[in-house]
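Chains B, C and D: place on chain A using the hints.
Chains as they are written, first to last, in numbering that gives the first Met the number 0: chain A, 0 to 350; chain B, 0 to 350; chain C, 0 to 350; chain D, 0 to 350.
Hints are computed from structural coordinates only; laboratory data are not their basis. From the three backbone atoms N, C-alpha and C, an ideal C-beta is built for every residue, glycine too. Misleading hints may appear alongside valid ones.
Residues from chain C that keep clear of chain A, each with C-beta distances beyond 12 Å, as calculated [what the hints assert, rightly or not]:
| no. | residue |
| --- | --- |
| 1 | 64 |
| 2 | 136 |
| 3 | 259 |
Partial list, computed: chain D residues near chain B (C-beta under 10 Å) [to be verified]:
| no. | residue |
| --- | --- |
| 4 | 91 |
| 5 | 167 |
| 6 | 182 |
| 7 | 188 |
| 8 | 222 |
Heads up, incomplete: computed chain A residues facing chain B, CB under 7 Å, no partners named [stated by the list, open to error]:
| no. | residue |
| --- | --- |
| 9 | 127 |
| 10 | 191 |
| 11 | 230 |
| 12 | 237 |
| 13 | 243 |
| 14 | 285 |
| 15 | 287 |
Number of protein chains: 4
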Amino acid sequence: MRKVKIGILGGTGSVGQRFVQLLENHEFFEVVSIAASERSAGKLYGDIMTSRWKISGDIPAYARKIKVVLPKPSETPDVDLVFSGLDSDIAGEVETDYANSGVMVISNSKNHRYDNDVPILSAEINSEHLDVLSFQKTKGKIVTNSNCTIMGVTITLKPLLEKFGIESVFLVSMQAISGAGYPGVPTMDILGNVVPHIGGEEEKVQMEPQKCLGKVKDGQIIPADFKISAHCNRVPVFDGHTVCVSVKLKTKTTENDIRKVWAEFQGEPQKLKLPSAPEKVIDYRTEIDRPQPRLDLMNGKGMTTTVGRLRPDPILDFKYVVLSHNTIRGAAGAAILNAELLYKKGLIPVS
Amino acid sequence: MRKVKIGILGGTGSVGQRFVQLLENHEFFEVVSIAASERSAGKLYGDIMTSRWKISGDIPAYARKIKVVLPKPSETPDVDLVFSGLDSDIAGEVETDYANSGVMVISNSKNHRYDNDVPILSAEINSEHLDVLSFQKTKGKIVTNSNCTIMGVTITLKPLLEKFGIESVFLVSMQAISGAGYPGVPTMDILGNVVPHIGGEEEKVQMEPQKCLGKVKDGQIIPADFKISAHCNRVPVFDGHTVCVSVKLKTKTTENDIRKVWAEFQGEPQKLKLPSAPEKVIDYRTEIDRPQPRLDLMNGKGMTTTVGRLRPDPILDFKYVVLSHNTIRGAAGAAILNAELLYKKGLIPVS
Amino acid sequence: MRKVKIGILGGTGSVGQRFVQLLENHEFFEVVSIAASERSAGKLYGDIMTSRWKISGDIPAYARKIKVVLPKPSETPDVDLVFSGLDSDIAGEVETDYANSGVMVISNSKNHRYDNDVPILSAEINSEHLDVLSFQKTKGKIVTNSNCTIMGVTITLKPLLEKFGIESVFLVSMQAISGAGYPGVPTMDILGNVVPHIGGEEEKVQMEPQKCLGKVKDGQIIPADFKISAHCNRVPVFDGHTVCVSVKLKTKTTENDIRKVWAEFQGEPQKLKLPSAPEKVIDYRTEIDRPQPRLDLMNGKGMTTTVGRLRPDPILDFKYVVLSHNTIRGAAGAAILNAELLYKKGLIPVS
Amino acid sequence: MRKVKIGILGGTGSVGQRFVQLLENHEFFEVVSIAASERSAGKLYGDIMTSRWKISGDIPAYARKIKVVLPKPSETPDVDLVFSGLDSDIAGEVETDYANSGVMVISNSKNHRYDNDVPILSAEINSEHLDVLSFQKTKGKIVTNSNCTIMGVTITLKPLLEKFGIESVFLVSMQAISGAGYPGVPTMDILGNVVPHIGGEEEKVQMEPQKCLGKVKDGQIIPADFKISAHCNRVPVFDGHTVCVSVKLKTKTTENDIRKVWAEFQGEPQKLKLPSAPEKVIDYRTEIDRPQPRLDLMNGKGMTTTVGRLRPDPILDFKYVVLSHNTIRGAAGAAILNAELLYKKGLIPVS
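Same shape as in the complex, but just chain A (with noise of 0.2 Å):
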């Protein structure tokens, strides 16, 4: 069968970067256009990137010679889905026109992420929420993923829920200056310092891990009833969400019990050996002072959540802390998992 034909629209920003990179010969898919602004369209991908390009390692030789072209389905003729990464200005309206063009879409952006028939997807957690795709009135379809700081936490809180129940969760972020994309964060404001607020941040995980965690019913994805109180902070830490979790259970249980669950813990990525699918889903580290950025952040390449410190909480009842990557797992890598479970599903029309 020949591989899926992708366009990567934003790809000059930093998800877009990580998408270029992480699709390089990938196994089902095959990148055949790039999309960006009009500062850039028309040019060859090489060409400007050369000292735009962010991650280290060098631009794949596949992408350097791909001329770049604006995000309109009519500049992509040929592509069967998209990644986009683009700013939520415009993402919105660009990956609309793609659904209606009969383009599936798979998103990064938060613009669709609160629709009723759109899914939150993580792979491991709710491919059930699948079915509400076919309620979607547009020829292709739109999946999004959730925001980067709680794309650990809420992989975390599954199991929990499954066998224990949740009642509340209470969180606190220490998060990485790359999740605010390039140019971003001005040296002068993080450079030996923390500020204690990221636009937008805590409104987002107060509510997606509710509607990842959900049950489908009826063509519509019925959030799951537990309160988030959230703070989210910004640290000099270069990639990598740190995030500090207590939560209240609604069933008494073990320290025990829980890092079992948690071990045990597949999705169907791993049942499907999906490329991007890390063996271990969740990793706990039995060290006294572990998560920590430096040392986890590239655990299952990227894509596994690490945990450690699990301990009994005064006022709720368990604390832990939670470590995921937040340009792979918590975006590009995620993304492209998601594809690769519809692709492995059937669900991307390939002509």
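For chains B, C and D alone, kept in the frame of chain A given last:
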């Protein structure tokens, strides 16, 4: 009246250096002795500290000329009061020796903090705890200050407790590296990283505020009755601990009323116009992204507690962010303010 | 005598904020106008700067109440002198307009630095360059200060040039991020990194010291006759440029003699006791690992040049390290010191 | 042929950990022993290293099961070759003991570097120096690699020396904190700071390249005849030493010709296709602001020397910037490459 003769115990360490700096030209106090370990004893402070002085600005001239001695009462015969910045492995015993010998001990170490008849004095909030000093059996008395992490938090809780009552407090700290002293945190552990663990810190943080905010009854300090849950983290910030706080109150109130009680909060140091007392005990910043270590650290010469981002909490009642200077307000500065309070209350016997 | 009425051009930027801060309660000067771009014009400085003020400590009260105007002589009719911290894309023309309108211009921008009749004034080392002002054809005169990177270096070279003669200078800078203004350097580019390039910097650094150290002849400044080779780097330091210097002298000398001429070096600002003049122009630290930004940045309130590590150089004659504060000594502080010198010399016409 | 049996001396330290990591599944080598100090001896490597492993990624499984011994030949009876990452206070003697006992010693320590009959081997540039091994009187032979700071610099100088001759070299380093090992540099000394001194470093840097680039004559290495002047600095970078280089050549040439000799440069490791040999020895980046540690550190798996910014120097002839990975190319990786070269040349006696 003559100045109080001061000894600094542990004067070569991080907290000791702050004592040396902050006591230069003090209105009430005159440093006559500096004590440190055998490595330093017998040498001039100026000679040994040239390459060990880690505070911006030079070693004060007065201190350069002092010959360092061992931390024993017999070595510092003429002191009325000692400030102790000793390591906790020796602080307990040495401080008891000094108290036995009739010297007033103002300690920044944790060793005696949990003794029933020793106050954890925070001059603005619990000066009535000094009543327990008369129950100490030693001729000299021991007064401690709290852990640096909860110093500012406890100050913000005081007026909330008085006016509204406190049910529970959730807090997550992002702590500066200077809190670990020198050499302290290896750069390999923290540059561009977050370490979600600080040995023994969460235990102190979950216990000390209740004692600070307790009531004296029959010569005993009865801790305030609320629970604290804490996550403590180390971040790559030089000075200044930032703490995210969520609080559940006993009485319903509004953000406006909370800001009002904070703005109005004054303690005895302000009434007595003590030299180290900041004009504002609590400074509420209205900007959306404050407080920040870089911008707010030196508020009130490092003695003001800066607060911001008061907003509703979906689980408890309110959330906010606190910043205080960990080696000034959280250590040497607080100890000096405590001594100033004792001095003005006539509790330092100056023969 | 009344104070000189001051306008600050570019008062919302990084250098402009330093001007606002350092001119609070100045003995000779009174800020009456602050000018900035259209985005800010018409609004109160206090209102627009709340979230844009990037210096530790608060916006001075006097400045909060000033209504920002556009940088045009007609908008600031009552000023005697303007300090310009304008971007170089507009500074040249605006400054000429002010000079034409009869206002004295003290500029931190590079635009007029290389004009034959405009001095690059460094108050301690070349006050005789003010003789060329009478050759400027405008009614108001323009005085510039040098690039921040060579400010301290040039000061250390002055007494060497006088006593020993200079053959050539090799220098490598490690420059703070504040030198790039705000937003300036993106965190993704510099956190845990070194960037071995700063646009246009090496050109300035290889040329300006010779003009600063030149002689006035027939109303022209004849540059000193030695060569400079420079490598300029950006490092993750907030404030303070560190420069490694190697120098070849015309006359043989010793380390002792060099330290002696540095220790004895005083300029007109010291003789005239100007308010911003540091007591020590050059402070030589004997510790093996100084100067350092963190420990020596605020030496002489940021106006002293700190030097260390003088030692033989196997190729040229001597090596040493220089630190100076790039936004105080290297920008706003130097400009104010220059203006103070002009004031004391009666060169500012105060009607 | 069986694999060479390897012992790692100092296997718990920073360089030792890199050896453990890089030797996993090596084509020629098999680690059978790990030696360290008394604190660790007698315990399983996996047990003691859990909290001391400082490299991203986990401790290799093979190493976890090795029982650590003391660094004595009698404790490691079955090794053919040892890699030494020992501290210099004991390395000299221990390495001599091993050589006496007939074991090949590949050392990263400085102790034997300046012995007349010990090569400072940099596999691409001076494999002919191995001729002096036969002059060593011990049964086993000692081979060292150079100081990490000049590793990359010396590689870039080699083709310049061959083609154009070198008169003198000026260099200023900005060195990563990992070069100081663990715990190494205290965070209080380097966060947001530059330290313009590294003990003993400038001496090594001014002397080792000449030996590396020397000629063998009568069993002696005659150093190349040019002078180096060095300033060495520590900067807040994790891995990767950046060096600004200026060079005066004996023959006039052009930037193009220099880039050409660099591009064409290949050594014996490339010809022999050694497992650790990078494809490109020197990689010249054409971007204006490269090399940078963050983007170029892992070029050639950390074994390629990345160069950029070649341009004229007003005093010497040319300036450029060099980056190399200090713990891979500058330490463990270089030592392993050296051992691979010895292996392929049949210089490791495998009984």
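Hints, verified against the model:
1. 64: Fine: 26 Å to the nearest Cβ keeps residue 64(C) off the interface.
2. 136: Holds, since 40 Å exceeds 12 Å.
3. 259: Label holds. Min Cβ-Cβ 37 Å, cutoff 12 Å.
4. 91: violated (26 Å)
5. 167: Cβ of residue 167(D) sits 33 Å from chain B, so the hint is violated.
6. 182: Interface hint status for residue 182(D): holds (4 Å vs cutoff 10 Å).
7. 188: holds (8 Å)
8. 222: Violated - the Cβ of residue 222(D) stays beyond 10 Å from chain B, reaching only about 34 Å at its closest.
9. 127: violated (27 Å)
10. 191: holds (6 Å)
11. 230: Hint holds; residue 230(A) Cβ to chain B Cβ min 4 Å, cut 7 Å.
12. 237: Because about 6 Å separates residue 237(A) from the closest Cβ in chain B, which is inside the 7 Å limit, the hint holds.
13. 243: holds (4 Å)
14. 285: violated (13 Å)
15. 287: holds (6 Å)
This entry does not satisfy hints 4, 5, 8, 9 and 14, going by the numbered hints stated previously.
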